[in-house]
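Start from chain R and add chain C according to the hints.
Chains as they are written, first to last, in my numbering: chain R, 1 to 371; chain C, 372 to 433.
Treat each hint with caution, since some may be false.
As the list claims (entries may be wrong) - Now the stretches of chain C that chain R is said to cover, found in silico as 3 or more residues with beta-carbon under 8 Å:
#1 381-393
#2 402-411
#3 414-428
What the hints assert, rightly or not - Here's a subset of chain R near chain C, in silico, CB distances under 7 Å, partners left out:
#4 Lys40
#5 Thr205
#6 Pro253
#7 Trp258
Unchecked claim - Lysine-lysine pairs mimicking DSS-like chemistry, simulated, CA-CA at most 25 Å apart:
#8 Lys251(R) <-> Lys414(C)
#9 Lys128(R) <-> Lys373(C)
#10 Lys251(R) <-> Lys185(R)
#11 Lys73(R) <-> Lys157(R)
#12 Lys288(R) <-> Lys62(R)
#13 Lys404(C) <-> Lys108(R)
#14 Lys108(R) <-> Lys89(R)
#15 Lys404(C) <-> Lys251(R)
#16 Lys373(C) <-> Lys309(R)
#17 Lys183(R) <-> Lys251(R)
#18 Lys180(R) <-> Lys245(R)
#19 Lys267(R) <-> Lys289(R)
#20 Lys140(R) <-> Lys33(R)
#21 Lys373(C) <-> Lys245(R)
#22 Lys289(R) <-> Lys157(R)
#23 Lys157(R) <-> Lys251(R)
#24 Lys404(C) <-> Lys245(R)
#25 Lys289(R) <-> Lys62(R)
#26 Lys40(R) <-> Lys89(R)
#27 Lys33(R) <-> Lys157(R)
#28 Lys185(R) <-> Lys267(R)
#29 Lys157(R) <-> Lys267(R)
#30 Lys75(R) <-> Lys62(R)
#31 Lys157(R) <-> Lys414(C)
#32 Lys73(R) <-> Lys183(R)
#33 Lys373(C) <-> Lys109(R)
#34 Lys183(R) <-> Lys33(R)
#35 Lys89(R) <-> Lys414(C)
#36 Lys140(R) <-> Lys109(R)
#37 Lys180(R) <-> Lys157(R)
Note that these hints are calculated values from the structure, not bench results.
It should be emphasised that the depicted structure is a prediction, and the values quoted were computed from it without experimental measurement.
Note that beta-carbon positions come from the ideal geometry of N, C-alpha and C, so glycine has one too.
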Amino acid sequence: MYRRTVLAMVTGAALLLSACTGTGGSSKGADAKAPTDPAKVSGTIKVLTVRTDLVQDGTMDKYAAEFNKTYPKVKVEFEALTNYESEVKIRMNTENYGDVLLIPAVIKKADYPKFFASLGTVEERGEKYRFTDFTTVDGKVYGQSPVGVTPGFIYNKRVWREAGVTEWPTTSAEFLTALKAIKSKTDAVPYYTNFAAGWTLTSWTYVNGSVHCDPQATTKLAEGDPWAENADLRVGDTLLHDIVKQGLAEKDPTTTNWEESKPRTAKGEIATQWLGTWAIVQFQDAAKKAGVNPDDIGFMPFPAQTDGKFCAAVAPTTTRPSTSTPSTRTPPAPGSTGSRTSPVTTRTIWRSPRSRTPRCPRCCSLTRTRA
Amino acid sequence: MKFIEVDDSRGADVKQIDNQSETGIYAPEYRQKLVDLARGATKGGLDDFFADLSERWTEAQG
Chain R
1 MYRRTVLAMV TGAALLLSAC TGTGGSSKGA DAKAPTDPAK VSGTIKVLTV
51 RTDLVQDGTM DKYAAEFNKT YPKVKVEFEA LTNYESEVKI RMNTENYGDV
101 LLIPAVIKKA DYPKFFASLG TVEERGEKYR FTDFTTVDGK VYGQSPVGVT
151 PGFIYNKRVW REAGVTEWPT TSAEFLTALK AIKSKTDAVP YYTNFAAGWT
201 LTSWTYVNGS VHCDPQATTK LAEGDPWAEN ADLRVGDTLL HDIVKQGLAE
251 KDPTTTNWEE SKPRTAKGEI ATQWLGTWAI VQFQDAAKKA GVNPDDIGFM
301 PFPAQTDGKF CAAVAPTTTR PSTSTPSTRT PPAPGSTGSR TSPVTTRTIW
351 RSPRSRTPRC PRCCSLTRTR A
Chain C
372 MKFIEVDDSR GADVKQIDNQ SETGIYAPEY RQKLVDLARG ATKGGLDDFF
422 ADLSERWTEA QG
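If we strip away everything but chain R, and leave its shape as in the complex, we get:
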């Protein structure tokens, strides 16, 4: 998985590199093309990432080393942000937002051409990559996700087992019953909202599609009422509300700490969190660091079934998982003034066979072009 991410990044960065040499002037909706001779490209590229853990443990340096095999004269810098979404949102108004980044969720899709360079047409990219429609504006693709993810609950299997719950709940009511059992039979906080981090709550929007196993769920958001009786968001929001209302979440949500929540979940102090497949690896790592069993980290889908089956919507990663987003900045072309005309963004798409089940954080990269 890391390997794939690297490849995606390299690809993205390569495309970006061209952006700095190719377009001059305004690059609104400009195409980014790879340079013909990567060995001649020099400069520094800055990658913004949510993966604080990978920057700290040196994994990102290995990615950079891999990148440097193709681009020996390009220096790669990583900046990991714990509050990625909120910080980058603000920095998007300045010049200081890296060269490759995850596309902040608040950026309107129609605005992608204002900020990012195109990686190609949806026809050509769609043949090779998944999720191209998520970043396509007027037939051009502006980002690429290296990873597909599905939303779901990270939970501590040992704690759930100790509470006597051995089957995944199939309804919201069953889920609440399970959390109540955890509260009464264990010392764990049954559910942790991670309220303070913010994006952790935003991730409840990604129940969309999974609740009723509906591939047209987003069309329904556009045409219907997301909070109508039994609509996906209402079902998800009601569950979150009831968890908190029934005293099954942490006592003081305002003082939550995302980074700490990982080892706490691994150790069984926290039983459950709504996150996504991307979080599994991080929580397993946290378990190893805390000296507890990484196999205790479990993952379950939203408690709803359609035709007797759980369902999970696979989608490109968004930025909020705190876990991981690298950003790079486009190396200035030799002789360039370094002045930036417009940013290019890429959401990286996972490039493995379509049949694979996606996992892991999504990364989009955004790049900027320089004149």
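Using the frame of chain R, we list chain C on its own:
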């Protein structure tokens, strides 16, 4: 377990509605309000909370 891909061709429209309605389904505030409501930090009922969201959303759909 079934995996599906949700069609995102209307994704831009959704973001547009989201922006115009100032609902913020891709931002944390509305659910922080929901949690505050649930834990009694603010007053109000869940039905009213949803009704307000519904009203703003459907108005923005035009």
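Hints not upheld, ascending by number: Checked against the structure, the hints that fail are numbers 4, 7, 11, 21, 26, 27, 31, 32, 33, 34, 35, while the rest are satisfied.
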